[in-house]
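*Asks:* Chains as they are written, first to last, in my numbering: chain A, 1 to 309; chain B, 310 to 627; chain C, 628 to 952.
There's no promise every hint is true.
Claimed, not checked - Mimicking DSSO-like on lysine-lysine, the simulated pairs with C-alpha atoms at most 27 Å apart in a straight line are:
{"id": "1", "chain 1": "C", "residue 1": "726", "chain 2": "C", "residue 2": "704"}
{"id": "2", "chain 1": "C", "residue 1": "704", "chain 2": "C", "residue 2": "666"}
{"id": "3", "chain 1": "C", "residue 1": "704", "chain 2": "C", "residue 2": "874"}
{"id": "4", "chain 1": "A", "residue 1": "124", "chain 2": "C", "residue 2": "704"}
{"id": "5", "chain 1": "C", "residue 1": "704", "chain 2": "A", "residue 2": "126"}
{"id": "6", "chain 1": "C", "residue 1": "726", "chain 2": "A", "residue 2": "126"}
{"id": "7", "chain 1": "C", "residue 1": "666", "chain 2": "C", "residue 2": "874"}
{"id": "8", "chain 1": "C", "residue 1": "726", "chain 2": "C", "residue 2": "896"}
{"id": "9", "chain 1": "C", "residue 1": "896", "chain 2": "C", "residue 2": "874"}
{"id": "10", "chain 1": "C", "residue 1": "726", "chain 2": "C", "residue 2": "768"}
{"id": "11", "chain 1": "A", "residue 1": "126", "chain 2": "C", "residue 2": "666"}
{"id": "12", "chain 1": "A", "residue 1": "124", "chain 2": "C", "residue 2": "768"}
{"id": "13", "chain 1": "C", "residue 1": "726", "chain 2": "A", "residue 2": "124"}
In short, the hints are calculated from the structure, not lab data.
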Amino acid sequence: MIWYIGRRLLQMIPVFLGATLIVYLMAFYTSGDPILALAGDKPISPAVEQQLREQYNLDQHVLVQWLLYLKSVLTFDLGVGFNGRPIWDQIAAAFPTTMRLAIIAVVVESIFGIIAGVISGLRKGKLIDTTLLMLSLLLIATPTFVLGFLAQFVFGLQLGISPINVGRDPSWVNLLLPGFVLGGVSFAYVLRLTRTSIAETATADHVRTATAKGLTRGGVVSRHILRNSLIPVVTFIGADLGALMGGAIVTERVFNIPGIGTLLFSSITSGEAPMIVSLVTLLVIIFLLSNLVVDLLYGLLDPRIRYAK
Amino acid sequence: MPSDALPTRRPRSEHWVAPLDETPLQAVDAADTTSTPRSLWAEAGHSLVRNPVFVISALLILFVLFVAAFPQVFTSQDPRYGNLSIANQPPGSEHPFGTSRQGYDIMARTFWGARTSVIIGFFAMLGSTLIGGMIGALAGYVGGWFDEVLSRITDVFFAVPLVLGAIVVATRLGEMSLWTVIAVLSVFGWTNVARIMRGAVISTKSQDYVTSSIALGASSPSVLLRHVIPNAIAPVIVTATVNLGVFIVAEATLSFLGVGLPANAVSWGGDISAARDALRTQPSMLFYPSVALAVTVLSFIMLGDAVRDALDPKARKR
Amino acid sequence: MTTTSVTPGSAGAPANRDQPLLEIRDLEITFTTSNGPVKGVRSASLEVYPGETVAIVGESGSGKSTTAMAIAHLLAKNGTITGGQILFEGREITHLPEKEIRVLRGDQVGLVPQDPMSNLNPMWRVGSQIQETLQANGVAKGSAAKTRTVQLLEEAGLGDAERRAQQYPHEFSGGMKQRALIAMGLAARPKLLVADEPTSALDVTVQQQILDHLDTLTEELGVAVLLITHDLGLAAERAQHLVVMYKGRVVESGPALQLLQNPQHPYTKRLIGAAPHSPPGDWSPGRSAPRSASRRRRLRTPPPMHPRRPPSARSSATGRSTPAP
Chain A
1 MIWYIGRRLL
11 QMIPVFLGAT
21 LIVYLMAFYT
31 SGDPILALAG
41 DKPISPAVEQ
51 QLREQYNLDQ
61 HVLVQWLLYL
71 KSVLTFDLGV
81 GFNGRPIWDQ
91 IAAAFPTTMR
101 LAIIAVVVES
111 IFGIIAGVIS
121 GLRKGKLIDT
131 TLLMLSLLLI
141 ATPTFVLGFL
151 AQFVFGLQLG
161 ISPINVGRDP
171 SWVNLLLPGF
181 VLGGVSFAYV
191 LRLTRTSIAE
201 TATADHVRTA
211 TAKGLTRGGV
221 VSRHILRNSL
231 IPVVTFIGAD
241 LGALMGGAIV
251 TERVFNIPGI
261 GTLLFSSITS
271 GEAPMIVSLV
281 TLLVIIFLLS
291 NLVVDLLYGL
301 LDPRIRYAK
Chain B
310 MPSDALPTRR
320 PRSEHWVAPL
330 DETPLQAVDA
340 ADTTSTPRSL
350 WAEAGHSLVR
360 NPVFVISALL
370 ILFVLFVAAF
380 PQVFTSQDPR
390 YGNLSIANQP
400 PGSEHPFGTS
410 RQGYDIMART
420 FWGARTSVII
430 GFFAMLGSTL
440 IGGMIGALAG
450 YVGGWFDEVL
460 SRITDVFFAV
470 PLVLGAIVVA
480 TRLGEMSLWT
490 VIAVLSVFGW
500 TNVARIMRGA
510 VISTKSQDYV
520 TSSIALGASS
530 PSVLLRHVIP
540 NAIAPVIVTA
550 TVNLGVFIVA
560 EATLSFLGVG
570 LPANAVSWGG
580 DISAARDALR
590 TQPSMLFYPS
600 VALAVTVLSF
610 IMLGDAVRDA
620 LDPKARKR
Chain C
628 MTTTSVTPGS
638 AGAPANRDQP
648 LLEIRDLEIT
658 FTTSNGPVKG
668 VRSASLEVYP
678 GETVAIVGES
688 GSGKSTTAMA
698 IAHLLAKNGT
708 ITGGQILFEG
718 REITHLPEKE
728 IRVLRGDQVG
738 LVPQDPMSNL
748 NPMWRVGSQI
758 QETLQANGVA
768 KGSAAKTRTV
778 QLLEEAGLGD
788 AERRAQQYPH
798 EFSGGMKQRA
808 LIAMGLAARP
818 KLLVADEPTS
828 ALDVTVQQQI
838 LDHLDTLTEE
848 LGVAVLLITH
858 DLGLAAERAQ
868 HLVVMYKGRV
878 VESGPALQLL
888 QNPQHPYTKR
898 LIGAAPHSPP
908 GDWSPGRSAP
918 RSASRRRRLR
928 TPPPMHPRRP
938 PSARSSATGR
948 STPAP
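Please build the complete structure, drawing on both the sequences and the hints.
*Replies:* Okay, structure coming up:
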């Protein structure tokens with residue numbers, strides 16, 4: 001098992017390096033002059049320019065710049081943002097909100113997605129299956145921001161049971177509706193994945209053998225169909241945590257939630273490249289870490305992997 | 310044990326033979342003439358035309374394509390003509406879907422918006438499938454360290470989510486044209502095609518008939534073209550079809566975030582974002598473009614689903 | 628013999644030995660496919676008497692497995708019984724609701740499936756999968772079930788059973804998996820064991836061993852066996868009664884020896900002709916059938932340490948030193 005974790009960690013390193021390099025190059029060099037990217041739309045004095053050149057090591061080779069930048073990321077020393085506050089402080093202030101939002105979304109997609117997927121998979125071809133399948137397709141076909149507007153329109157304007165804008169320091173309850181919206185598309189994917197997996201496992205030989213032993217239908221489903229089917233689902237859900245934090249940019253914008261996404265959005269509009277790179281790097285790290293957690297869970301779920309060297 | 314007494318106790322131990330005329334013996338290698346053999350594709354086509362999901366989604370796609378090609382057939386209004394004096398009108402005979410806050414005719418914008426979405430969806434699908442298909446096929450076919458490198462590159466792009474990558478590029482480029490949006494979506498959206506292509510090539514490569522044609526002296530490129538690609542292409546087509554829908558959604562999301570097409574472009578994403586401030590006063594600004602977008606994306610995803618089921622013989626039997 | 632001792636099951640005291648344990652009459656099974664309904668089995672009839680071994684022989688696709696699976700309603704989802712009757716101990720079970728057929732599964736009708744590789748759940752320890760059978764059929768619970776599981780694995784000829792019970796299927800060889808499956812099929816002491824090509828996925832050397840072991844076990848327990856096989860030689864060696872199926876129909880059935888020596892249906896003749904160790908018409912009493920008979924006699928002689936119990940005996944003790952009642 002230790003070997004397994006170690007190998008997975010080693011495989012993560014080139015991916016992490018590659019992903020940050022791409023983001024770094026894109027943010028600073030797509031338009032030629034990195035000073036422009038650093039300064040945003042404001043005209044700057046030569047003194048400030050010199051300071052930026054030093055801070056971001058622009059005199060060095062681009063690869064060295066990138067490595068030094070990585071070092072600053074790993075030591076949480078990201079410099080000061082356009083508004084004068086340290087970038088890391090801004091991120092640390094916004095992070096918990098987005099994390100809450102993503103957790104709500106993951107819980108929503110896991111619980112509802114798996115339950116609906118199991119029902120659908122076991123009743124493949126029946127009315128309930130077709131209905132759930134149509135619902136999932138509809139959710140996938142609807143962009144998250146449209147879903148958000150619809151939720152605002154129905155729950156905020158028509159029913160009046162939820163605020164349209166969430167505002168500062170949101171509580172878990174206030175984040176509930178945005179969390180459902182954020183998890184909506186993933187719910188649909190979890191449903192479809194679980195359904196396919198369940199339907200496939202249900203026809204496996206060992207399930208018939210389990211039935212032949214005299215187990216109840218519930219016993220067969222819970223012990224022999226569910227656990228075997230959940231591996232791809234767990235893989236998806238775990239990897240989705242990272243993707244959801246990235247997707248939060250849309251949900252946070254719709255509901256005006258002061259999280260990572262809003263920070264990202266405002267830095268996009270003001271052209272604050274260091275902030276953008278820092279945030280995207282953070283999201284890539286979260287994405288990679290959640291993938292690693294999935295791999296470990298995978299080992300817990302599947303004894304064949306647990307014992308493989 | 311009681312088995313001692315067996316098997317002599319079997320009361321009716323007679324030798325029984327079925328009437329010969331009822332159970333005629335066939336030649337050992339007799340072909341089953343009751344069912345006509347068809348190729349995978351013919352079989353798939355046969356089951357597709359009987360699948361209502363396929364028929365409905367195909368008809369919807371044809372309709373959307375027609376709208377995208379000839380939007381003027383459905384509306385005589387100019388989608389770019391905003392007249393503030395007629396802003397926020399409810400649906401009426403002049404403007405069947407009403408008018409927007411800027412005084413645009415919502416119906417005209419909904420129909421003309423199809424063109425933008427279809428072009429972006431189609432070309433981004435084409436671009437990403439070419440990139441992903443080539444990288445995946447090469448990685449799977451060549452194998453070894455080459456595969457390792459290409460797979461890691463795929464992982465790198467996979468780790469940067471589609472919308473995030475597009476945001477970073479868009480920030481630097483400012484407002485993007487139709488073709489830059491397509492390029493950005495292609496560059497960040499090819500990874501799932503590559504992974505599927507690689508998997509399909511590897512599994513086809515190890516199949517006996519491919520091994521045997523190599524043994525018979527066929528050269529590598531011709532083997533790749535003749536056997537591997539045609540068999541690997543089915544899952545790629547399915548993924549590409551679904552991706553087309555995903556790209557349309559992604560474009561709309563970019564427009565919503567203000568990093569997509571310029572504000573004066575006629576697109577569903579832009580129109581839906583504009584509806585944000587008019588939820589209370591003019592809900593039809595949200596409704597019509599959203600429904601149009603959802604129906605379009607839905608029909609492509611449904612088509613992908615139907616084709617997948619048709620190409621999977623196991624799923625078909627169930 | 629690796630077996631230490633064997634508990635007589637419920638099969639020890641059948642109500643009526645002259646009544647068939649299992650009776651299948653004119654069974655018809657239809658599969659719904661994308662090309663319309665297909666009859667997998669038509670008018671198949673056979674009987675299994677308590678304690679005897681009956682073999683269904685036929686090529687793949689002849690409907691032999693389908694027929695056997697229909698007994699405990701284990702057909703694939705698209706397969707249904709569209710005609711005929713299945714009687715178990717004289718009771719009609721053809722269209723029994725799921726709840727009632729479940730009572731039969733495990734402790735009345737056991738199954739040893741075809742492919743040991745795919746028939747154990749890779750996610751659970753082998754022991755817990757057998758334990759589950761004991762619990763589902765109310766044979767034993769908790770730690771008693773654990774102990775019993777180890778005994779069952781030993782009984783099936785698995786060495787070091789205590790450790791083996793704690794392992795996962797992927798740590799077992801094919802032969803070991805099949806032994807575990809045999810232990811599982813017999814765990815609740817069914818009256819009828821459906822053995823669906825129990826060894827065709829295994830090496831020839833292992834095949835013999837496992838079949839011998841299965842024979843011994845079922846013999847001692849008095850379990851009737853419905854053996855499904857494509858191998859006529861193997862069937863003749865193991866079963867007293869043969870049923871030959873061809874294209875979904877029973878074409879010939881009768882006592883093993885008689886059928887071999889005097890095949891009537893052209894398909895049976897072809898099967899015998901195709902058997903590798905015997906040219907057509909050469910099934911003399913000196914060959915396989917008597918070998919089986921002599922082996923059976925040998926097996927029926929009880930080992931000294933294992934005194935014979937009367938058919939009515941029901942002992943719950945399982946230890947090596949259990950005295951005869």
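*Asks:* Please go over all the hints and tell whether each is borne out by the structure.
*Replies:* Each hint tested on the structure:
For the given pair, residue 726 of chain C sits about 17 Å from residue 704 of chain C by alpha-carbon distance, which is consistent with the 27 Å threshold. Straight-line distance between C-alpha atoms of residue 704 of chain C and residue 666 of chain C comes to about 14 Å, which keeps the hinted pair within the 27 Å bound. With a C-alpha separation of about 21 Å, the suggested pairing of residue 704 of chain C with residue 874 of chain C holds against the 27 Å cut-off. Simply put, residue 124 of chain A and residue 704 of chain C have alpha-carbon atoms about 11 Å apart, close enough for the 27 Å limit, and the pair holds.
The straight-line distance between the Cα atoms of residue 704 of chain C and residue 126 of chain A is roughly 13 Å, inside the 27 Å bound, and the hint therefore holds. Of the supplied pair hints, the one linking residue 726 of chain C and residue 126 of chain A holds, its CA atoms being roughly 21 Å apart against a limit of 27 Å. Between the alpha carbons of residue 666 of chain C and residue 874 of chain C the distance comes to roughly 10 Å, so the proposed pair stays at or under 27 Å and holds. For the suggested pair residue 726 of chain C and residue 896 of chain C, the alpha carbons sit about 43 Å apart, so the restraint of at most 27 Å is broken.
Taking the CA atoms of residue 896 of chain C and residue 874 of chain C, the gap is near 15 Å; set against the 27 Å cutoff, the hint holds. The hinted pair formed by residue 726 of chain C and residue 768 of chain C meets the criterion: a straight-line CA distance of about 21 Å does not exceed 27 Å. Restraint check: the Cα-Cα separation between residue 126 of chain A and residue 666 of chain C comes to about 24 Å, which is no more than 27 Å; the hinted pair holds. Of the pairs offered as hints, the one joining residue 124 of chain A and residue 768 of chain C is violated, with about 35 Å between alpha carbons and a cut-off of 27 Å exceeded.
For the hint linking residue 726 of chain C to residue 124 of chain A, the alpha-carbon distance of about 21 Å falls within 27 Å, and the restraint holds.
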